[in-house]
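Sequences are here, hints too, so could you generate the full structure?
The opening residue of the sequence shown carries number 1 in my numbering; numbering runs sequentially from there.
Accuracy of the hints is not assured; some may be wrong.
List of simulated lysine to any residue pairs, SDA-like, C-alpha gap at most 20 Å [to be verified]:
(1) Lys157 / Ala217
(2) Lys223 / Ala135
(3) Lys157 / Pro210
(4) Lys194 / Ala29
For the record, the hints were derived by calculation from the structure and aren't laboratory data.
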Amino acid sequence: MVEMPEDQDRDGLAAELALGLLDGADRAAALRLCLSDPAFARRVEQWQLRLSPMLTAVPAAEPSSRVWNAIAARIGAPVAAAPRGLRAWRAAALGAGALAASLALFVAMRPAPTVPDGSMAVSQMSGAEGGAIMAVAFDPRRGVLRFDAGSPTGTGKSPELWVIPKDGVPRSLGLIQAGSAEMPVADPMRPFLKSGATLAITMEDPATAPHQAPSAAPVMTGKISEI
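Structure, rendered in structure tokens:
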């Protein structure tokens, strides 16, 4: 078999996820890949946009009475008119089946996709008084934290991110740079990004960072869970 490039391999996985053909561990791994790889997440969205019009445009097709009579004759059952809803469901199922079949050769010929092993640590951080919410995900392949929104700001202060594991001791992960959607995590700190730990942000003096301990109350906190 001709080895396909990784780009085509990822595109096939995105198509399977968009069609709902993945389940169990395969689906969980693909969802983790969506979180860790924005380019892959865009591919899944593109497949969903591409497939949605095809599914909604499947025309209703009702078999003739002669077809139903022939089926009934073979099974020895009386003919009963199929309910309209059932006829529409049959037509949609046939259309969806044809659509899935059109991808069968492409999916069958590609090698098993490469997805990141292990779980991903995620957290939804919120302000102490509600309001602002920031989602954070740790990408273990690249060793970086990814943010989906801007971090808090303060005059003369910079947001410093802390991880607080089960021993209750805050450990600085460093300053969150303004306008950045990613933050590298030092190797010694990565084992602390586990389920049950807490992420916290305090506003600190950037000139003396990283700090040994927070000097102020956190402005955002969130529990870490693993998916």
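Status of each hint after checking the structure:
1. At roughly 13 Å between alpha-carbon atoms, Lys157 and Ala217 fall within 20 Å of each other, so this suggested pair holds.
2. For the given pair, Lys223 sits about 11 Å from Ala135 by alpha-carbon distance, which is consistent with the 20 Å threshold.
3. With a C-alpha separation of about 13 Å, the suggested pairing of Lys157 with Pro210 holds against the 20 Å cut-off.
4. Distance hint between Lys194 and Ala29 is fulfilled; the C-alpha atoms sit about 18 Å from each other, no more than 20 Å.
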